[in-house]
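Going line by line, the protein sequences match chains A and B. 194 is the number of the first residue of the first sequence in the working numbering; add one for each residue after it. 190 is the number of the first residue of the second sequence in the working numbering; add one for each residue after it.
Bear in mind the hints are in silico, worked out from the structure with no lab data behind them. Among the hints, erroneous ones may be present.
[To be verified] A short list of chain B residues far from chain A (calculated; beta carbon distances all over 10 Å):
1. S412
2. P487
3. P576
4. V648
5. Q663
[Claimed, not checked] One-sided excerpt, in silico: chain B residues whose CB lies under 7 Å from chain A:
6. L318
7. P320
8. N414
9. Y417
For clarity, every value in this text was computed on a predicted model and none was experimentally measured. From the three backbone atoms N, C-alpha and C, an ideal C-beta is built for every residue, glycine too.
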Amino acid sequence: MTHTRQDTFDVAVIGAGMAGMAAALFAAERGLSCIQIGNGGGILFASGLLDLMSIHPLAERRKWGFPFDALAALALEQPQHPLARIDATSVRTAFNAFVAALGKAGLPYAPLGKANSDVLTSIGTIKPTYGVPRSMIAGVKALAQRPPCLFVDFHGLREFSARQIVSTLGDSWPAARFQRLQFPGTEAVPELYAAHLARALENVETRARTIDLVKPLLGDAQAIGFPALLGLEHSVEVHAAFEAGLGLPVFEIPTMPTSVPGLRLLMALEAAVATRGVSRRHHSTVDSIVFDDETATIGLIDSPGGERVVARTVVLATGRFMGRGLVADRGHVSESIIGLPVHQPTSRNEWHQRDFLDPTGHAINRAGLLIDDSWRPLDAAGNPAWPHLFAVGSILAHQDWMRSKCGSGLAIATAWAAVRQITRQLYGDCDKAGEP
Amino acid sequence: MANPSRIETQVLIIGGGVTGTALVRDLALRGVDCILVEKDDINAGASGRNHGLLHSGARYVAGDQEAAVECRVEGEILKRLASQTIQDTGGFFVAVEGDDERYIADFPSHCKRSGILVHRVDVAAARELEPALSPHTIAVFEVPDASIDPFRLSLESMAQARTLGARLMRRSRVIGFQREGRRIRAVQVRSMQLGEDVWIEAAQVVNAAGAWAREVALLAGASINMTYSKGTLLVTHGRLAQRVVNRLRPPGNADIMMPGGTVSIVGTTSTRVDSLDNIYPTTAEADLIVDEASRMLPALQTMRFIRAYSGVRPLVGSTGVADGRTASRGFALFDHDVDGIDNLATITGGKLTTCRLMAERAADLVCRRLGVAAPCLTAITQLPVAPECKWTEPGHAPREWMRTGQAETLLCECEMVSASAVDTIYAALVAAGDTPTLTDIGMRSRVGKGACQGAFCAVRAVAHLYQRGDFQAQRGLDEIIDFFAERWKGQHSVLWGEQLAQAELMEALHCGLFGEELRGDDMHGLCPPALNGKVSP
Chain A
194 MTHTRQDTFD VAVIGAGMAG MAAALFAAER GLSCIQIGNG GGILFASGLL
244 DLMSIHPLAE RRKWGFPFDA LAALALEQPQ HPLARIDATS VRTAFNAFVA
294 ALGKAGLPYA PLGKANSDVL TSIGTIKPTY GVPRSMIAGV KALAQRPPCL
344 FVDFHGLREF SARQIVSTLG DSWPAARFQR LQFPGTEAVP ELYAAHLARA
394 LENVETRART IDLVKPLLGD AQAIGFPALL GLEHSVEVHA AFEAGLGLPV
444 FEIPTMPTSV PGLRLLMALE AAVATRGVSR RHHSTVDSIV FDDETATIGL
494 IDSPGGERVV ARTVVLATGR FMGRGLVADR GHVSESIIGL PVHQPTSRNE
544 WHQRDFLDPT GHAINRAGLL IDDSWRPLDA AGNPAWPHLF AVGSILAHQD
594 WMRSKCGSGL AIATAWAAVR QITRQLYGDC DKAGEP
Chain B
190 MANPSRIETQ VLIIGGGVTG TALVRDLALR GVDCILVEKD DINAGASGRN
240 HGLLHSGARY VAGDQEAAVE CRVEGEILKR LASQTIQDTG GFFVAVEGDD
290 ERYIADFPSH CKRSGILVHR VDVAAARELE PALSPHTIAV FEVPDASIDP
340 FRLSLESMAQ ARTLGARLMR RSRVIGFQRE GRRIRAVQVR SMQLGEDVWI
390 EAAQVVNAAG AWAREVALLA GASINMTYSK GTLLVTHGRL AQRVVNRLRP
440 PGNADIMMPG GTVSIVGTTS TRVDSLDNIY PTTAEADLIV DEASRMLPAL
490 QTMRFIRAYS GVRPLVGSTG VADGRTASRG FALFDHDVDG IDNLATITGG
540 KLTTCRLMAE RAADLVCRRL GVAAPCLTAI TQLPVAPECK WTEPGHAPRE
590 WMRTGQAETL LCECEMVSAS AVDTIYAALV AAGDTPTLTD IGMRSRVGKG
640 ACQGAFCAVR AVAHLYQRGD FQAQRGLDEI IDFFAERWKG QHSVLWGEQL
690 AQAELMEALH CGLFGEELRG DDMHGLCPPA LNGKVSP
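Okay, chain A solo, but in the shape it has when bound (with noise of 0.2 Å):
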């Protein structure tokens, strides 16, 4: 890795969500020296399914198959829209290399076709996603086909019923039943969370002695479905023993955060882009940043020594309100590192629609960054806030990833782009790696 000046990184992404994962992680595939502020704290919500698109236009509810339709009527008809700005050759391609980075750190998921997967959520409600965890997909195969199929839980996991899963589906799952069970070794303990037993499932003993309470129970049951909570660094392995074990085929529920799939989306990104060499600092936060022609000085706190990071690009991926990237004060909606002009509505009293639950949606989920074509977001005069200063992620505005179940999309497809604009900007055409 060649550095153009010593101690000079060709990208600083600062976020560590989702999108600022995938922008670090598409960097440092593309060959650019990368170093990532912030910690991955806000992974840990995420739900393991990697949505692209499947609702548009909101206020209809329409819901679509395949999420490539969707994104083309998106950028037709809302070409404000962050997706609606990547074509769809692009966009498979970002997913495609974010999900083969996945599996290559131990987070396997179902390959990706063109439709989107309707997977069965822990509350009973039906979710269409896109990229669908390995662990999941036997899920997905037996919502659609409702064979007789066992719902497993246990005493202690709070937020999980199989059994209301099973009377949510109701007359729609006539073949559907559920079991509770005594996780092995938790007799006394009230309260019991996911991670924990997901841990505990690594552990070849108590997975025997779990498979062992299950099969008695199997009856004709043609799928097994449990809470996601099958291992955590070794989920392939966990999830195998239970398919093996079990003789059929077992799939896992994506479960209320923090979760264990996002637990391991975490792990398996932090180590796909360690092993990519992207330089990380989990605990900092960003004082102030200075620009000048060439980079930007990046000033961190709770770094040791009061650390400065100088890169040639900066790459802002900070997320919304749960992020921090945006703040709200009772007046005004700010970018919270750079002072960042913010698209809003003009005051508080249209962020919010009185009915929680209205199909448009809210405003202020639609409030964001502007950015050019190029992904720099813009100063209050419409221009390119700095040459060398991109955004990526649900901090842009004209989207409302919640409704549109694009969040994962947005994250992905949004850094690929922006990285890639940061390579030709850097480097020329080619990617640095030599690529086209």
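Go by the hints and put chain B onto chain A.
Just chain B, lined up with the frame of chain A:
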């Protein structure tokens, strides 16, 4: 109507707020058979949407001495007989620079005139006791204000009435009156849950419907001159003061901050409204409260607020008053003789602090008409503690959790509500012939009232109720959606800062992951994508 069932009773009470429940208890203690019908739930109106302030009376000393004395006397009775519902925090009256010097100077003598204990507190000493007070504080007086839990008060009044034979019909709306000359022969009541009607034949009918009293009276053919004043309050995340803090000035906007367990409650506003529909806190009201109350308590400018709520005060016998604040806060008892009805009375208006007295006056009228000689007992009888009613108190659940050695499953981690608390509440409602909802449980406990506003605990509570077999089919999803619709009314006006991030998390979970906003579309008629209609070329 095909054979609607008929029920007989001596007295039908319409409205399950603090007045209606105090009245049903009063009459039950006198041996009178009663039915209370409530269109929604206990304290669903202004009774559950106020400060929870047990007035010492000091607030009224300058403008309304009679009200001040009433408050003092009634406050003392409730402190003695319903102490489980009261935190005797004491109260400060605080003036800041710019407040009316004359009002400040007259305050102690006005208090003494009404028999209210008052003493001046040195400003520096007061600021040591309550560090949140403004550095611009110029005068502080201490009075015996206290905090009262109106939910527990009403629930326990109803619970005692029930043990004496009174009946409660929740979610039952009065839709018509059958007259016979100068008498109401029967009242038509519709169950909102079942859609079925019953006719209740009562010798006497009392309209205690609060802000809805005018509508009920009109239905019976009587009229009441009533106006509506909307008041909004904000709930902080964290408690800012130990005592009740009142602004020492004539009653105005945002001049009271109440302690409420782990939070503080600040308000109110007063806006004349013409309709009882679509009452929710607005962003303008929230801003007004923060700006005005922060003159007394500057930390409110940077405080995180977790929710807001609005109630409508029924103001009787006032016309042409601009903002409703100067209209009478006293109560009114109408016997409706002039309307040509001999067995209807309306009791409305008034204050939380004087609800017992209002009930006594109404019960006296009813008993006189019935020829019942038994005297009122509520001024000398303890309000019994009912085990299923204790969970409304902030801080009770955490204490219980510490006491039980933490061997309990907690469904709500913000307010530490255990599964067994939910079970107790559920069982009590079922025992009374009710079908409890998640919203009912929220009203009777702290579920949904902490920082997460139910985002997590509602999911856990529903999972728990399904697991017990209490919820079936799609009901839990319906309940979650109803619960959030209700909570949201109180949230959208205070979403800035930290709480905006909290709301985003709630939406990420309930819309982003669970897709609750898509419910009702094709959640279950799903087909494989190839058959999904929007087919790929």
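Now for the hints, and whether the structure bears them out:
1. With 10 Å as the threshold on Cβ separation, the claim that B/S412 sits away from chain A holds: the shortest Cβ distance comes to roughly 33 Å.
2. Residue placement check: B/P487 keeps its beta carbon more than 10 Å from all beta carbons of chain A (closest about 15 Å).
3. No Cβ of chain A approaches the Cβ of B/P576 within 10 Å, the least distance being about 21 Å, so the stated non-interface status holds.
4. The Cβ of B/V648 sits about 5 Å from the closest Cβ of chain A, inside the 10 Å cut-off, so the non-interface label is violated.
5. Listed as a non-interface residue, B/Q663 fails to keep its Cβ farther than 10 Å from every Cβ of chain A; the least gap is roughly 6 Å.
6. Among the interface hints, the one on B/L318 is violated; its C-beta lies about 29 Å from the nearest C-beta in chain A, farther than the 7 Å criterion.
7. Violation of the interface hint for B/P320 is found here, the shortest Cβ-Cβ separation to chain A being roughly 24 Å, above the 7 Å cut-off.
8. Because the beta carbon of B/N414 sits about 31 Å from the nearest beta carbon in chain A, more than 7 Å, this interface hint is broken.
9. At its closest, the beta carbon of B/Y417 sits 20 Å from a beta carbon of chain A; the interface hint therefore is violated under the 7 Å criterion.
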